[in-house]
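In order, the protein sequences belong to chains H and E.
FYI, in my numbering the residues of the first sequence are 2 to 262.
FYI, in my numbering the residues of the second sequence are 2 to 262.
Keep in mind that a hint or two might mislead.
[Stated by the list, open to error] Residues on chain E that point at chain H, a partial pick, calculated with CB under 7 Å:
id	residue
1	ILE15
2	LEU16
3	GLU58
4	GLU99
5	LEU242
[Stated by the list, open to error] Mimicking DSS-like on lysine-lysine, the simulated pairs with C-alpha atoms at most 30 Å apart in a straight line are:
id	chain 1	residue 1	chain 2	residue 2
6	H	LYS121	H	LYS155
7	E	LYS57	H	LYS72
8	H	LYS121	E	LYS87
9	H	LYS87	E	LYS57
10	E	LYS87	E	LYS57
11	H	LYS155	H	LYS87
12	E	LYS121	E	LYS87
13	H	LYS87	E	LYS72
14	E	LYS87	H	LYS87
Everything labelled a hint here was simulated from the structure, so no lab data went into it.
Here a beta-carbon is modelled for each residue, glycine too, at the ideal position from N, C-alpha and C.
2 protein chains.
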Amino acid sequence: MVQLQRLTIAPNQILGQQIHLNVQQRHYLHHVLRLNEGDRFIAIDGRGNGWLASLKENALAAEMLEPVFAKTELPISVTLLIALPKNGMDDIVRQATELGVERILPIISDRTVLKPSPQKGDRWQRIAQEAAEQCERQIIPQVLAPMAWTAALKIWNSNCATCYLCEARGNYPHLLSSFQAQIEGSTGLTQARPSETQGSMVVATGAEGGWTGAEIEGAIAAGYQPVSLGSRILRAVTAPLVALSLVSAACDAINSRERLI
Amino acid sequence: MVQLQRLTIAPNQILGQQIHLNVQQRHYLHHVLRLNEGDRFIAIDGRGNGWLASLKENALAAEMLEPVFAKTELPISVTLLIALPKNGMDDIVRQATELGVERILPIISDRTVLKPSPQKGDRWQRIAQEAAEQCERQIIPQVLAPMAWTAALKIWNSNCATCYLCEARGNYPHLLSSFQAQIEGSTGLTQARPSETQGSMVVATGAEGGWTGAEIEGAIAAGYQPVSLGSRILRAVTAPLVALSLVSAACDAINSRERLI
Numbered sequence: 002m003v004q005l006q007r008l009t010i011a012p013n014q015i016l017g018q019q020i021h022l023n024v025q026q027r028h029y030l031h032h033v034l035r036l037n038e039g040d041r042f043i044a045i046d047g048r049g050n051g052w053l054a055s056l057k058e059n060a061l062a063a064e065m066l067e068p069v070f071a072k073t074e075l076p077i078s079v080t081l082l083i084a085l086p087k088n089g090m091d092d093i094v095r096q097a098t099e100l101g102v103e104r105i106l107p108i109i110s111d112r113t114v115l116k117p118s119p120q121k122g123d124r125w126q127r128i129a130q131e132a133a134e135q136c137e138r139q140i141i142p143q144v145l146a147p148m149a150w151t152a153a154l155k156i157w158n159s160n161c162a163t164c165y166l167c168e169a170r171g172n173y174p175h176l177l178s179s180f181q182a183q184i185e186g187s188t189g190l191t192q193a194r195p196s197e198t199q200g201s202m203v204v205a206t207g208a209e210g211g212w213t214g215a216e217i218e219g220a221i222a223a224g225y226q227p228v229s230l231g232s233r234i235l236r237a238v239t240a241p242l243v244a245l246s247l248v249s250a251a252c253d254a255i256n257s258r259e260r261l262i
Numbered sequence: 002m003v004q005l006q007r008l009t010i011a012p013n014q015i016l017g018q019q020i021h022l023n024v025q026q027r028h029y030l031h032h033v034l035r036l037n038e039g040d041r042f043i044a045i046d047g048r049g050n051g052w053l054a055s056l057k058e059n060a061l062a063a064e065m066l067e068p069v070f071a072k073t074e075l076p077i078s079v080t081l082l083i084a085l086p087k088n089g090m091d092d093i094v095r096q097a098t099e100l101g102v103e104r105i106l107p108i109i110s111d112r113t114v115l116k117p118s119p120q121k122g123d124r125w126q127r128i129a130q131e132a133a134e135q136c137e138r139q140i141i142p143q144v145l146a147p148m149a150w151t152a153a154l155k156i157w158n159s160n161c162a163t164c165y166l167c168e169a170r171g172n173y174p175h176l177l178s179s180f181q182a183q184i185e186g187s188t189g190l191t192q193a194r195p196s197e198t199q200g201s202m203v204v205a206t207g208a209e210g211g212w213t214g215a216e217i218e219g220a221i222a223a224g225y226q227p228v229s230l231g232s233r234i235l236r237a238v239t240a241p242l243v244a245l246s247l248v249s250a251a252c253d254a255i256n257s258r259e260r261l262i
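Turn these sequences into a full structure, and let the hints guide you.
What follows is the structure, encoded as structure tokens:
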């Protein structure tokens, strides 16, 4: 089986069954990939939609032949809230993308040392796009602008998703058993059209030193379940990858079904 | 509660209830940590043993007061066989150490590009020691000398451990469900003194491009169970961390018991 090349397009490039290609895309398809009229590639809009497409004359446009469904996407929408670590954020964005995250929100917590420049945000978004293309995802994770924890809790709380707060200290249940119980017990995840709450989850991990007591209390008040990632001591850069590994593995049990939301 | 400082010692530094300190250790305890006679620290031998110790006069020796038991160690011995990726091995050693691995064996597979210098091995061992101290482990993972896959299979096979081969292609059962079934079904892991096979596991991950057909066949012949890490496409540097995250999370279910081997 030939592996088809992938191209990210903007939704407004689609008109009817045609994709109108811009100069960069034309150059990439024709001169870099050396595709000619009638050659096929995969077009993705970065929002979960993909199509088998056939290049038209002079690479000005492409014909959309049929939708393709990604086997690489998780059956639920996962948002990672990550208190910015001192360094290592590039790797976290790259690996979180590999692990199927849909959205990354950098958090300025009480123990966050790094105050990122706006350029950093652009850089992380670019890394997410490159990683998404490399691991053949149809959704390009959005890297949102950094936000204070209290402000984030007003938006990302149990009104819109099942929320977990990872915290090393305290005797909390394990994320894996909590999440497995959640998805096995949830009828929503097995229905064709679950409510947004049942098909979305938020997982939050702390900076070096973890969350403060006030931050944990704020999260609990916003409907977060505090969970443990086990009895090992993980660095702030490792914890989000462990959390997402567990979430995606637990999702694999239901991944044979269609993407739910 | 005051967090006690940790010092790695060699087993041959112990005589009776005394730890004989060398010049570097004396300097570290006395001049760097500024400990004085009677001050306490944790001494670990890197093989799973640790003691609360009290510094003696002039920091020439320390009195072993009582053994301390690590809550950070996995209840089973985990060996990571990792086909050397092109780069990123430093981070893998560091994070695998955080995740509780006991031994790392770099593998020269058919698709391995990097041929590491002996200096690299020393560097990885140093990273493992630093990471083990940072995350308060009592076992310092051994980083073994790189080995060809066929040679490794003669030593690391189902005669000495439960062995899993992670492979993206092929319709293999998931590592998480396989391993959870293994530890739940295994009476050995719940006995006080299991056989070595039941208390040890090997997990092998491939280089960029995965294992070749011949390498997979060789592993199966050596008693490896081929397993999947899910339907996402993971880079060679991410796969071992995902595998170890799943193994350690599954182990947490039995971690409240004593370390078994």
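Consistency of the hints with the structure:
1. ILE15: 26 Å, violated
2. LEU16: Violated - the Cβ of E/LEU16 stays beyond 7 Å from chain H, reaching only about 31 Å at its closest.
3. GLU58: This hint is violated: E/GLU58 lies away from chain H, its Cβ roughly 33 Å from the closest one there, beyond 7 Å.
4. GLU99: 5 Å, holds
5. LEU242: 6 Å, holds
6. H/LYS121 to H/LYS155: 24 Å, holds
7. E/LYS57 to H/LYS72: Answer violated: E/LYS57 to H/LYS72 is near 63 Å, above 30 Å.
8. H/LYS121 to E/LYS87: 26 Å, holds
9. H/LYS87 to E/LYS57: The hint is violated at about 38 Å.
10. E/LYS87 to E/LYS57: Distance of about 48 Å is beyond 30 Å: violated.
11. H/LYS155 to H/LYS87: Holds. H/LYS155 to H/LYS87 sits at ~25 Å (cutoff 30 Å).
12. E/LYS121 to E/LYS87: Distance ~13 Å between E/LYS121 and E/LYS87 Cα, so the pair holds.
13. H/LYS87 to E/LYS72: 27 Å, holds
14. E/LYS87 to H/LYS87: Cα-Cα ~26 Å, so holds.
Hint check: violations occur at hints 1, 2, 3, 7, 9 and 10; the rest are consistent with the structure.
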